[in-house]
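**Student:** Spelled out, the chains give:
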Amino acid sequence: MKLYIGGAGHGQEIVAENETGFKPILCSPEEAFDQKAIDRFHEITKEVLKSGGSAQEFARELVKKNPDAVICSNEIGGGIHPLDKDERIWREETGRALCILAENAEQVTRVFCGIPKRIK
Amino acid sequence: MIVFISGGSGCGKSAFAESVAQKLGGELVYVATMPIYGEEDLKKVERHHKLRAGKGFRTLERPKLLSELPDNGETVLIECMSTHTANFMYDPDIAAEINPKEKEAVTDVSFYTDKLKEELLPILKRSGNTVFVSAEVGFDGTAYDPETEKYRMVLSNINRFLMEQSDAGYEVVCGIPLTIKGEETC
Numbered sequence: 199m200k201l202y203i204g205g206a207g208h209g210q211e212i213v214a215e216n217e218t219g220f221k222p223i224l225c226s227p228e229e230a231f232d233q234k235a236i237d238r239f240h241e242i243t244k245e246v247l248k249s250g251g252s253a254q255e256f257a258r259e260l261v262k263k264n265p266d267a268v269i270c271s272n273e274i275g276g277g278i279h280p281l282d283k284d285e286r287i288w289r290e291e292t293g294r295a296l297c298i299l300a301e302n303a304e305q306v307t308r309v310f311c312g313i314p315k316r317i318k
Numbered sequence: 351m352i353v354f355i356s357g358g359s360g361c362g363k364s365a366f367a368e369s370v371a372q373k374l375g376g377e378l379v380y381v382a383t384m385p386i387y388g389e390e391d392l393k394k395v396e397r398h399h400k401l402r403a404g405k406g407f408r409t410l411e412r413p414k415l416l417s418e419l420p421d422n423g424e425t426v427l428i429e430c431m432s433t434h435t436a437n438f439m440y441d442p443d444i445a446a447e448i449n450p451k452e453k454e455a456v457t458d459v460s461f462y463t464d465k466l467k468e469e470l471l472p473i474l475k476r477s478g479n480t481v482f483v484s485a486e487v488g489f490d491g492t493a494y495d496p497e498t499e500k501y502r503m504v505l506s507n508i509n510r511f512l513m514e515q516s517d518a519g520y521e522v523v524c525g526i527p528l529t530i531k532g533e534e535t536c
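Residue numbers (this note's numbering), protein chains in the order written: chain A, 199 to 318; chain B, 351 to 536.
Do not take every clue at face value.
Said to hold, decoys possible - Below, computed lysine-lysine pairings styled on DSS-like, alpha-carbon distance capped at 27 Å:
(1) A/244 with B/400
(2) B/467 with B/531
(3) A/283 with B/500
(4) A/283 with B/400
(5) A/262 with B/400
(6) B/531 with A/315
(7) B/531 with A/248
(8) A/318 with B/373
For the record, the hints were derived by calculation from the structure and aren't laboratory data.
One chain only, chain A, in its complex shape:
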């Protein structure tokens, strides 16, 4: 598994495609299990939570079922604690889900203003 993360619009999906040759695809939680490259993981966790699932469980399942996936995600935890409870849960659970992916990935890249930095 390869994980590419960064703030909104920092270019993680572009770097991922350049480095791996696979174009990250927007997909549903179910489709994510057999995609080569997944875009906007943070939106997938939102969908998982909306349907009553656990983002952390989903991340564990993804590691098991799609261990070679290239995954792109925004980092969404760097602002003010949201007033809305669902937003708060989404923000924190996405962070924890990303920790699970990062722990299991052989490579983690953080993209800042288009510049990749390998952090694992």
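On the provided structure of chain A, position chain B as indicated by the hints.
**Tutor:** Just chain B, lined up with the frame of chain A:
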């Protein structure tokens, strides 16, 4: 040694801070700053209790001021400066204490920044190690109301101050500590 650790929500900064404190060694004290208002907070506390279980921390609750912290060579882990800053700015008892006469006039960022720094100075001079955990709040594009913006600026000022004062500083990203300052010893 002073260690400063920050990062976004759910990034794994607590677990990393605990491992840093354990590596620094000595008697371990965990200073919890979060006041508990409801079920969501209780769940959070429970999760942190589980995370710390068996790691040898004694817990001190400091939901108001960071007063009377032990100073006999213990390694103290303070979590989290984001809640502490909110306590400091919005707890009515503290407001009465830090600015008894001009409560209405307290609006500017530098007032709270300076008062908070003043409060932190004795902690920075402790005889043992101090590990500060804070939260990153500057990385979104949302325009908040003036009060929230004030809080955000005070916390960012305090984060910069603590990073400056620390011997080692880290940002935790997806559970991975990135060294911002100091040796990669932790």
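**Student:** All hints are to be evaluated individually against the structure, with a verdict given for each.
**Tutor:** The hints, checked one at a time:
| no. | hint | result |
| --- | --- | --- |
| 1 | A/244 with B/400 | holds (26 Å) |
| 2 | B/467 with B/531 | holds (20 Å) |
| 3 | A/283 with B/500 | holds (22 Å) |
| 4 | A/283 with B/400 | holds (23 Å) |
| 5 | A/262 with B/400 | holds (26 Å) |
| 6 | B/531 with A/315 | holds (17 Å) |
| 7 | B/531 with A/248 | violated (39 Å) |
| 8 | A/318 with B/373 | holds (22 Å) |
Violated hints amount to a single one, hint 7; each of the other numbered hints is respected by the structure.
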